[in-house]
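Participant: In this note's numbering, the protein residues as written are 2 to 101.
FYI, nobody ran anything at the bench for these hints, they're computed from the structure. Some clues are possibly wrong.
[To be verified] Label-pair restraints from in silico Cβ distances:
no., residue 1, residue 2, range
1, R65, F29, 18 to 26 Å
2, G67, M43, 17 to 25 Å
3, R70, F4, 12 to 20 Å
4, R54, N16, 27 to 35 Å
5, D36, P98, 28 to 36 Å
6, P98, R47, 29 to 37 Å
7, M97, R47, 25 to 33 Å
8, E38, K12, 14 to 22 Å
Virtual Cβ for every residue (Gly too), placed ideally from N, Cα, C.
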Amino acid sequence: MEFKSLKPFVKQHDNFEVRVITHAGSRFYQVELEDVEGQRHMLTNRKKPMLFRALDDVYLELKRAGIHRAYLVQYVPQDEVVGREAHYDEPLTSRMPLVF
Numbered sequence: 002m003e004f005k006s007l008k009p010f011v012k013q014h015d016n017f018e019v020r021v022i023t024h025a026g027s028r029f030y031q032v033e034l035e036d037v038e039g040q041r042h043m044l045t046n047r048k049k050p051m052l053f054r055a056l057d058d059v060y061l062e063l064k065r066a067g068i069h070r071a072y073l074v075q076y077v078p079q080d081e082v083v084g085r086e087a088h089y090d091e092p093l094t095s096r097m098p099l100v101f
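Whole structure, please, built from the sequences with the hints as guidance.
Facilitator: Take a look at the structure:
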């Protein structure tokens, strides 16, 4: 989803989840939306994934779009390396609620 389409999307839809994704060892954050059909939309700018350098930058842009709640998800590659299934979508083990 293009960044410029985010605000109109928020105005038209009320049942979606926003995830702020960070990868272990990375200093960047990405934003992903999941709609009621389970489709995931990565936030892009000019068809390239939009990257943020700080959570404050993410908060500011999401707040401007009318979003006040999201989940922080940190991808940790160690689960996959040692043969365990990744658990990124389990709410109590991989996500932290953010309210701004």
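Participant: Each of the hints needs a verdict: does it hold here or not?
Facilitator: Hints and how they fare:
1. R65 with F29: 18 to 26 Å: At 20 Å between Cβs, range holds.
2. G67 with M43: 17 to 25 Å: Holds - the Cβ-Cβ distance for G67 and M43, about 19 Å, lies within 17 to 25 Å.
3. R70 with F4: 12 to 20 Å: 19 Å, holds
4. R54 with N16: 27 to 35 Å: At roughly 30 Å between Cβ atoms, N16 and R54 fall inside 27 to 35 Å, so the hint holds.
5. D36 with P98: 28 to 36 Å: 19 Å, violated
6. P98 with R47: 29 to 37 Å: 30 Å, holds
7. M97 with R47: 25 to 33 Å: Since M97 and R47 have Cβ atoms about 30 Å apart, the given range 25 to 33 Å holds.
8. E38 with K12: 14 to 22 Å: 19 Å, holds
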